[in-house]
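A.B. asks: Input sequences plus hints: build the corresponding full structure.
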Amino acid sequence: MSLAGAGTLFRKEVLRFWKVSFQTVAAPVLTAVLYLLIFGHVLEDHVQVFAGVGYTSFLIPGLVMMSVLQNAFANSSSSLVQSKITGNLVFLLVAPLSHWAWFCAYTGASMVRGLAVGLGVFAVTFWFAPLHLAEPWWALVFAALGAGLMGALGLIAGLWAEKFDQMAAFQNFIIMPMTFLSGVFYSVKSLPGVWQAVSHLNPFFYMIDGFRRGFFGASDVSPWLSLAIVGGSFAVVAALCLRLLQTGYKLRS
Amino acid sequence: MPAVRFDRVTKTYAGARGGVQALGGVSFDIERGEFFGLLGPNGAGKTTLISVLAGLVRASSGSVSVIGHDVVADFAAARKALGIVPQELVFDPFFSVREALRIQSGYFGVKNNDAWIDELLAELGLADKANANMRQLSGGMKRRVLVAQALVHRPPVIVLDEPTAGVDVELRQTLWHFIARLNREGHTVLLTTHYLEEAEALCNRIAMLKQGRVVALDKTSALLAGTASTMLRFKTDQPLPPALAPLARVTGRIVQLKAHDAIEVEAMLGRLRQAGVAVEDLEIGRADLEDVFIEIMGGAA
Numbered sequence: 001m002s003l004a005g006a007g008t009l010f011r012k013e014v015l016r017f018w019k020v021s022f023q024t025v026a027a028p029v030l031t032a033v034l035y036l037l038i039f040g041h042v043l044e045d046h047v048q049v050f051a052g053v054g055y056t057s058f059l060i061p062g063l064v065m066m067s068v069l070q071n072a073f074a075n076s077s078s079s080l081v082q083s084k085i086t087g088n089l090v091f092l093l094v095a096p097l098s099h100w101a102w103f104c105a106y107t108g109a110s111m112v113r114g115l116a117v118g119l120g121v122f123a124v125t126f127w128f129a130p131l132h133l134a135e136p137w138w139a140l141v142f143a144a145l146g147a148g149l150m151g152a153l154g155l156i157a158g159l160w161a162e163k164f165d166q167m168a169a170f171q172n173f174i175i176m177p178m179t180f181l182s183g184v185f186y187s188v189k190s191l192p193g194v195w196q197a198v199s200h201l202n203p204f205f206y207m208i209d210g211f212r213r214g215f216f217g218a219s220d221v222s223p224w225l226s227l228a229i230v231g232g233s234f235a236v237v238a239a240l241c242l243r244l245l246q247t248g249y250k251l252r253s
Numbered sequence: 001m002p003a004v005r006f007d008r009v010t011k012t013y014a015g016a017r018g019g020v021q022a023l024g025g026v027s028f029d030i031e032r033g034e035f036f037g038l039l040g041p042n043g044a045g046k047t048t049l050i051s052v053l054a055g056l057v058r059a060s061s062g063s064v065s066v067i068g069h070d071v072v073a074d075f076a077a078a079r080k081a082l083g084i085v086p087q088e089l090v091f092d093p094f095f096s097v098r099e100a101l102r103i104q105s106g107y108f109g110v111k112n113n114d115a116w117i118d119e120l121l122a123e124l125g126l127a128d129k130a131n132a133n134m135r136q137l138s139g140g141m142k143r144r145v146l147v148a149q150a151l152v153h154r155p156p157v158i159v160l161d162e163p164t165a166g167v168d169v170e171l172r173q174t175l176w177h178f179i180a181r182l183n184r185e186g187h188t189v190l191l192t193t194h195y196l197e198e199a200e201a202l203c204n205r206i207a208m209l210k211q212g213r214v215v216a217l218d219k220t221s222a223l224l225a226g227t228a229s230t231m232l233r234f235k236t237d238q239p240l241p242p243a244l245a246p247l248a249r250v251t252g253r254i255v256q257l258k259a260h261d262a263i264e265v266e267a268m269l270g271r272l273r274q275a276g277v278a279v280e281d282l283e284i285g286r287a288d289l290e291d292v293f294i295e296i297m298g299g300a301a
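Note that the protein sequences, when read in sequence, are chains A and B.
So the first sequence is numbered by the working numbering: it starts at 1 and just counts up by one.
So the second sequence is numbered by the working numbering: it starts at 1 and just counts up by one.
If you're looking for bench data, these hints aren't it; they were derived computationally from the structure.
Bear in mind the structure is a predicted one, so any value in this text is a computation, not a measurement.
Heads up, some of the hints might be wrong.
What the hints assert, rightly or not - If you want the footprint, here are the derived chain B segments under chain A, 3+ residues with CB under 8 Å:
id, region
1, 43 to 56
2, 70 to 77
3, 88 to 97
We put the CB at the ideal spot given by N, CA and C, even for glycine.
C.D. replies: In structure tokens form, the structure reads like this:
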């Protein structure tokens, strides 16, 4: 693998979102703050989560992680679809870059975007409620792994989609429901039994739950189980993504 | 080892009725240092052939190599040896001209390339646009950047896919001056164009494609010599005599008749005089590449 080539593609992908950071970083931070203000205000006294943890405190890590995941996905998927539609992907296609270089650069830049937005959301929201990092390494591990998983998934979606509306459908009908139903806004323990079971089939649940563990030292399931499931999902998605890149799926006819 | 080798390349695009064959077994070599022309009507397969060379399209069978490197098995080395100027006017709207060139350079693993980038910008008349965003450039300027991007890693083989389509005279002059210099310095050039006078002036060897097959492959001078060497051109408003009409190529008022020698020219003029056809702007000249092209495209099935 050409490290220099992969490094350039990574820097280009970071520069691409950074040049429009008002839209790619500031806007999602604002969205998360709005969720916090509205849900925190309405539900603070009504929703029971972990013992001794207020609802707003509970909500903040969920919002941070949701922002990390959504923005990591948005970065690789929108970059690739835009390049395909405008035709400038040809500059990459004629370059001597391996499928590993494509994968590492796009996924890496997605992680940077996701983590930058997550950090932004955290910086703006942690004033609203008492928070401390009980087991910070869990937060770091799940943020990084979740961002990588979503960056790779975004790359697959970007390879598959030929139009912006196909990408919007992927985002609205798969990514959004899975994030909203993952326990960002509630503890799945508060759900009726059947919905608890369904939630446990959603890999997003383990990303959020594992990330929250870093803050409260408490979680709905063991963080090791979450790590195994999120790590396994990443391995599957990464393997599929690398295979698609290697065969030139929808890139080289 | 040739600069480029096409070996029995076929390409069939999947389609509703069994697919469309774009290339039907194309084989030829381009030697190092050649200025090679690839000509053919629209849909002849020129762009498909170049896309296979660039790795954008995969051949259904056969193989292509660049300086001995197979474009699939050894794609990294093959692509490093190639600089492709695409036909479509594409650009990345996020970056300035200099950023776009540095990025392209980086993809090929070439670092600290600013001296060559500056030279490219100067040679292509882009020096004052270096820091302008790609979106702000006119079509002609964007085309220049495409050329610079293709050359940024100093490829030994340069491929230009209709680089002068819709381009003004000034850019054509700038471009050909620069490409000719690179060719003199040892770069191999593969050119497709619709402007046959360009191909005649620049290319020392030419392949003509028709319906995905090579129908002519020779030195430009040999192609010109191998056909009727004399053309009789004139303008008229009147119908031609029946003996000449089937032989003529008529474009509006302009009539062109090919002849093998002076005696045949005399005979044609005699027929025109007998029929009482008034001719204007009569000239007798050598056949050019356009005449050869039309003859070959009309003749070979």
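A.B. asks: Where does the structure disagree with the numbered hints, that is, which hint numbers, in rising order?
C.D. replies: Violated hints: none; all satisfied.
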